[in-house]
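Could you slot chain B onto chain A? The hints should help.
Protein chains: 2
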Amino acid sequence: MTKSPLAPAAFPALPTIGGVRFAAVSAGVRYKNRTDVMLAELAEGTTVAGVYTTSATRSAPVLDCQSKTGGPGTGRAAFLVNSGNSNAFTGRNGAEAVAAICQVTAATLGIEEARLFTSSTGVIGEPLPHDRITAKLSELRDALSVDGIEGAAKAIMTTDTFPKGSAATVTVGGKTVTIAGIAKGSGMIAPDMATMLVYIFTDAAIGFDALQALLSQGTDRTFNCITVDSDTSTSDTLLMAATGASGVDVTGNAEFASALEGLMMDLAHQVVRDGEGATKFVEVQISGAANDGDARKVAMAIANSPLVKTAIAGEDPNWGRIVMAVGKSGAEADRDKLVIRFGDILVAENGWVSPSYSEAQAAAYMKGQDLVISVEMGLGAGESTVWTCDLTHRYIEINADYRS
Amino acid sequence: MTKSPLAPAAFPALPTIGGVRFAAVSAGVRYKNRTDVMLAELAEGTTVAGVYTTSATRSAPVLDCQSKTGGPGTGRAAFLVNSGNSNAFTGRNGAEAVAAICQVTAATLGIEEARLFTSSTGVIGEPLPHDRITAKLSELRDALSVDGIEGAAKAIMTTDTFPKGSAATVTVGGKTVTIAGIAKGSGMIAPDMATMLVYIFTDAAIGFDALQALLSQGTDRTFNCITVDSDTSTSDTLLMAATGASGVDVTGNAEFASALEGLMMDLAHQVVRDGEGATKFVEVQISGAANDGDARKVAMAIANSPLVKTAIAGEDPNWGRIVMAVGKSGAEADRDKLVIRFGDILVAENGWVSPSYSEAQAAAYMKGQDLVISVEMGLGAGESTVWTCDLTHRYIEINADYRS
Numbered sequence: 133m134t135k136s137p138l139a140p141a142a143f144p145a146l147p148t149i150g151g152v153r154f155a156a157v158s159a160g161v162r163y164k165n166r167t168d169v170m171l172a173e174l175a176e177g178t179t180v181a182g183v184y185t186t187s188a189t190r191s192a193p194v195l196d197c198q199s200k201t202g203g204p205g206t207g208r209a210a211f212l213v214n215s216g217n218s219n220a221f222t223g224r225n226g227a228e229a230v231a232a233i234c235q236v237t238a239a240t241l242g243i244e245e246a247r248l249f250t251s252s253t254g255v256i257g258e259p260l261p262h263d264r265i266t267a268k269l270s271e272l273r274d275a276l277s278v279d280g281i282e283g284a285a286k287a288i289m290t291t292d293t294f295p296k297g298s299a300a301t302v303t304v305g306g307k308t309v310t311i312a313g314i315a316k317g318s319g320m321i322a323p324d325m326a327t328m329l330v331y332i333f334t335d336a337a338i339g340f341d342a343l344q345a346l347l348s349q350g351t352d353r354t355f356n357c358i359t360v361d362s363d364t365s366t367s368d369t370l371l372m373a374a375t376g377a378s379g380v381d382v383t384g385n386a387e388f389a390s391a392l393e394g395l396m397m398d399l400a401h402q403v404v405r406d407g408e409g410a411t412k413f414v415e416v417q418i419s420g421a422a423n424d425g426d427a428r429k430v431a432m433a434i435a436n437s438p439l440v441k442t443a444i445a446g447e448d449p450n451w452g453r454i455v456m457a458v459g460k461s462g463a464e465a466d467r468d469k470l471v472i473r474f475g476d477i478l479v480a481e482n483g484w485v486s487p488s489y490s491e492a493q494a495a496a497y498m499k500g501q502d503l504v505i506s507v508e509m510g511l512g513a514g515e516s517t518v519w520t521c522d523l524t525h526r527y528i529e530i531n532a533d534y535r536s
Numbered sequence: 133m134t135k136s137p138l139a140p141a142a143f144p145a146l147p148t149i150g151g152v153r154f155a156a157v158s159a160g161v162r163y164k165n166r167t168d169v170m171l172a173e174l175a176e177g178t179t180v181a182g183v184y185t186t187s188a189t190r191s192a193p194v195l196d197c198q199s200k201t202g203g204p205g206t207g208r209a210a211f212l213v214n215s216g217n218s219n220a221f222t223g224r225n226g227a228e229a230v231a232a233i234c235q236v237t238a239a240t241l242g243i244e245e246a247r248l249f250t251s252s253t254g255v256i257g258e259p260l261p262h263d264r265i266t267a268k269l270s271e272l273r274d275a276l277s278v279d280g281i282e283g284a285a286k287a288i289m290t291t292d293t294f295p296k297g298s299a300a301t302v303t304v305g306g307k308t309v310t311i312a313g314i315a316k317g318s319g320m321i322a323p324d325m326a327t328m329l330v331y332i333f334t335d336a337a338i339g340f341d342a343l344q345a346l347l348s349q350g351t352d353r354t355f356n357c358i359t360v361d362s363d364t365s366t367s368d369t370l371l372m373a374a375t376g377a378s379g380v381d382v383t384g385n386a387e388f389a390s391a392l393e394g395l396m397m398d399l400a401h402q403v404v405r406d407g408e409g410a411t412k413f414v415e416v417q418i419s420g421a422a423n424d425g426d427a428r429k430v431a432m433a434i435a436n437s438p439l440v441k442t443a444i445a446g447e448d449p450n451w452g453r454i455v456m457a458v459g460k461s462g463a464e465a466d467r468d469k470l471v472i473r474f475g476d477i478l479v480a481e482n483g484w485v486s487p488s489y490s491e492a493q494a495a496a497y498m499k500g501q502d503l504v505i506s507v508e509m510g511l512g513a514g515e516s517t518v519w520t521c522d523l524t525h526r527y528i529e530i531n532a533d534y535r536s
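Line by line, the protein sequences give chains A and B.
Going by this note's numbering, the first sequence opens with residue 133, and the numbers climb by one from there.
Going by this note's numbering, the second sequence opens with residue 133, and the numbers climb by one from there.
Here chain A stands alone, though its shape is the one from the complex (with noise of 0.2 Å):
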């Protein structure tokens, strides 16, 4: 698959992480020639907290997490990872090979059940071939490497076209922090915990509350503020772990929460900038609404309307669809109060087009490949940015033909 246009020049220098070794094999659970299991071993003593999708139908590797996160137990821990198949959807099946490879990596890796977190993305409702994924469980171990997550990156992928990798470093009290996370999305991004699925590693010490707590709140204001075309995945699985490698405690450090802010922030971008068929990136953001829950309203429909999108994919200053959606938002809205700008550019205000605005100069503008459309509601001090990308034919390609 190209490359997506908005793709980083190259995967990041990521950092090794103390107490995280990574593996990834090639066990043809559905693609051939590559690689589509990653195995991420993780020391004794680390935390491990996860924020996973709320979707109703969601699947049996999901629940497993669920029921884990949180639990007593501070023997070594596992992140073990297949793409191709994501065992939702597939009845009592898709428990029984969730179990079976929890019990062939404890016994082979001699950790825990109870320690043992697997995600699978892919195709929904097929059964997931587990003995593919057993079968290499040794092979794995084997691999294990602390520079491995590159490969672990590239092994999670599905229609993604570029592996996602971010990493930040704290100093607290003097020593030194390091954070390190991979992605996987590009397709099925909606609000309710946007990316299908992101790891992340850090050699902090942080109990499993203080790190759950930054965790969900953190997704709130990155994963969950980014839309590629609003359908919400079954199989949405963030994961951190904490080593405490570094003999540094971070509980309550304010750093160390703003930079794994941060690291979560670029992840989510690089999902937006994978989206599928994508060749903008979008900001969209939204002040003076009547309070934050009217400004995302406002926000997440300008990012999910099909006309606003498919308007910025043909690169038309169409700004009477960001009317058009900021009408339909269900947001209390004062149309002759609406200030609208795409960039620097005075759009409209006061109920119609600025007298300063040149359709020629907006036309410019959105020839560029990052976009900022920006809404000011005129009523009160609520704010929102989201994320978004344009609607392309790339997008129908992939989606018409992604089982062929």
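If you are wondering where the hints come from, they were derived from the structure by calculation, not from laboratory data.
Each hint can be trusted.
Short, incomplete list of chain B residues facing chain A, as computed with Cβ under 10 Å:
1. 257
2. 259
3. 452
4. 466
5. 479
6. 480
7. 530
If you want the ones that stay clear, here's a sample from chain A, every Cβ over 10 Å from chain B, calculated:
8. 140
9. 153
10. 163
11. 232
12. 236
13. 282
14. 304
15. 383
16. 384
17. 394
18. 512
19. 515
All residues carry an ideal CB built from backbone N, CA and C; glycine is no exception.
For chain B alone, coordinates are given in the frame of chain A:
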């Protein structure tokens, strides 16, 4: 523009309606070489009722119509509609344009302004060149004819690929009452008053309150149950005129109500069949939901999902995406109780694909033009049926280039 493959074979032979005359002209509002303004003149005593978009950014003509609906006055009335420009988000100029049109129309036709209902459909945010319309009013008046309804249906088209009409007759107390309606709409079609413009005429006699109640209730079961792209127009308008020329009062008559709803459903389905880029007409039936509201949430989540709609375009029986859409809908759902069918083909039950399911059989079904997707939720008695179309390359083409 190529006619939709889902279009009816021909425009139906619509009956004349006593008390209604039509005319259409080419005013050059935006388009060249086609009619773009229609006038319907309504006899003295005609009852007019209307249903309008719920958009917070609705257009100047919609606001004007709303202010006049249900008002006093029993003299002649008229509907005047232009395509090419929606007169939406046009600031103070918008209301001034409506006033100018009403003033000249009143003077030319001798109809009081309170009985003049205007609509505009087309591009948003550009000043309506109302003088091009008023310059044609004498010509419109002189062209009025009882059999001009097909011409009227053509004059209100924008991205429509075929004119839409429907008729019904009802026998009440041995006398015949006739109803005829026309509609336009193919994009920006969403649940809140789906069709952009609909005009219905009958020679029945009925008071305003009774007629308005029939329209509002019928809209909820017809136009509010269709969706092409989840976008809501700023201009949606449904106007109905009952001239009373038949001398038959239909207040409280169940057969008239049923015939009217059938006509509205026919027009609503024609709008979906002209959905921008549509190649498949899809009925989504939900039953067994906890309540009707939940059923509608599930139906709309399926009907609006870009992943479901692109799969249908690709003739892919991708039932996993149906499961995904049920899960994201926000409705109560039990994954293991869902029963999913494509037409009569049982696809999934007991939380997994049915043992009897044949992908080849389902793939053959998906090659049809009219498709039914049904989901039994297994929870209660909630039901909902909605109609949509597939999402194709052509939708992108039409909407990425609409203004150029």
